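Q: Sequence:
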Amino acid sequence: MPKSNLKSLDSMPKQGEMIYIPETGMTLKPELHPDSDLIEKRLAIDDRPYIMDFFKSQKATNTYIAQRIPAWGGLCYPHALKDRIYSIQQMMNVATLMDEEFTTPSTQSNDKKLETLRKAYFSALDGISPPPSTPIARMLFHNLEYIKESLNSRPQVQQRLLNAIRNQINSLAKPIVRNIDVLPYDRYMELRRIDVFGEWTATLTEYAIDVDMTEHLENSSSLRKVRIAAIDSITLANDLFSFRKEIPAKDSLNAIWILMRDKKLEIQQAINLLASLFFENEVALINSRNDVLGSKLGTNQEVCAYMTELEHLHSGNAEFHTFSTRYQGIDFQGERFTSGEVPIGDFPTLQEIAANDTGKRRPD
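The numbers in the sequence shown follow the numbering used here, run straight up by one, and end at 574.
Think of the hints as simulated: they come from the structure by calculation, not from any bench. Treat each hint with caution, since some may be false.
[As the list claims (entries may be wrong)] Below are the DSS-like pairs computed for lysine-lysine, each with C-alpha atoms no more than 30 Å apart in a straight line:
| id | residue 1 | residue 2 |
| --- | --- | --- |
| 1 | K435 | K473 |
| 2 | K329 | K384 |
| 3 | K292 | K384 |
| 4 | K474 | K292 |
| 5 | K322 | K384 |
| 6 | K473 | K455 |
| 7 | K455 | K224 |
| 8 | K251 | K384 |
| 9 | K251 | K266 |
| 10 | K323 | K455 |
| 11 | K266 | K384 |
| 12 | K266 | K322 |
| 13 | K474 | K224 |
| 14 | K322 | K269 |
| 15 | K455 | K239 |
| 16 | K323 | K269 |
| 17 | K322 | K251 |
| 18 | K384 | K358 |
| 19 | K358 | K292 |
| 20 | K224 | K269 |
| 21 | K251 | K506 |
Values in this document were obtained by computation on a predicted structure and should not be read as measured data.
Please take these sequences and the hints and turn them into a complete structure.
A: Listed below in structure tokens is the structure:
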């Protein structure tokens with residue numbers, strides 16, 4: 211994620227203070243791909259060598275796997291073709307660990323290392339095996355081999371997907387300090403469409419169900435609005451459920467701070483408003499979907515299937531936040547958490563877990 215600053219960081223609530231996560235009122239129901247659980251178990255084995263090579267820590271590796279990142283893919287692409295869901299769920303590991311690698315403090319402050327990583331990931335995109343010192347870039351390389359071959363019959367989708375990944379890499383490799391004290395809400399949401407891997411994951415939808423929406427997206431503003439609402443939903447759910455873990459890390463890149471500033475709200479009021487904005491965004495998604503259904507595109511089966519999957523990008527992402535220990539904490543024992551009072555907790559980062567496990571700072 212990009213850097214951010216906020217003058218009021220010192221006034222953040224302290225660890226142990228309570229906040230209330232309200233219900234979002236989401237009406238669209240999540241669905242899980244029938245092969246998701248089995249593939250998640252396979253990936254815990256298949257991807258472990260890459261993850262272990264990255265963290266250099268058994269404990270951090272186990273903690274990461276326990277976050278169940280591949281399940282995100284099973285929820286967001288429940289109708290993916292049977293021969294594509296493995297590559298999709300593996301790509302969830304790639305994207306998450308790529309973000310982890312670029313955003314560690316030692317990397318963010320090292321321009322040379324950022325450029326080295328950028329080149330390694332670009333090599334993966336270009337079909338060149340990255341060096342052994344970059345295990346996650348190598349995982350991307352192997353993951354893309356299958357995806358690119360599958361997309362040879364959909365060259366426009368392939369190019370748009372590679373461009374989305376390239377833009378994501380550039381965003382991570384050239385972090386911008388974003389001043390939350392002055393950043394408008396609408397501009398924040400626009401910037402976050404890349405920050406939260408939104409363009410990448412939305413384009414992956416077309417790969418998942420084997421459709422090409424390039425021309426339809428160019429020609430239909432309503433279809434573009436469905437896509438944008440699905441992407442914005444990722445940001446809104448992330449900000450709602452990530453807030454309590456971001457505070458101890460002094461991470462201010464969250465819509466809650468902007469709402470507090472612009473609306474002159476207390477923290478809890480801003481949290482409540484964010485939940486309402488999540489619901490309003492779902493309403494906008496549904497209304498735009500209905501506009502498409504009422505147009506000539508409404509009889510196009512591929513367009514309808516695409517919109518259904520975008521609905522699941524929205525609902526699946528939100529559902530994932532309710533049970534993943536990435537958002538609920540490593541000691542979370544429940545099946546899912548949708549609302550209630552929670553403490554501002556101590557969420558050690560995976561890098562901190564790795565450093566404590568190995569007894570030394572992770573090498574730069």
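Q: Each hint needs a verdict: does it hold in this structure or not?
A: We went through each hint and held it up to the structure:
no.	hint	in the structure
1	K435 <-> K473	holds (26 Å)
2	K329 <-> K384	holds (12 Å)
3	K292 <-> K384	violated (36 Å)
4	K474 <-> K292	violated (49 Å)
5	K322 <-> K384	holds (11 Å)
6	K473 <-> K455	holds (23 Å)
7	K455 <-> K224	holds (11 Å)
8	K251 <-> K384	violated (35 Å)
9	K251 <-> K266	holds (21 Å)
10	K323 <-> K455	holds (27 Å)
11	K266 <-> K384	holds (26 Å)
12	K266 <-> K322	holds (22 Å)
13	K474 <-> K224	holds (20 Å)
14	K322 <-> K269	holds (29 Å)
15	K455 <-> K239	holds (26 Å)
16	K323 <-> K269	holds (25 Å)
17	K322 <-> K251	violated (37 Å)
18	K384 <-> K358	holds (26 Å)
19	K358 <-> K292	holds (16 Å)
20	K224 <-> K269	holds (27 Å)
21	K251 <-> K506	violated (42 Å)
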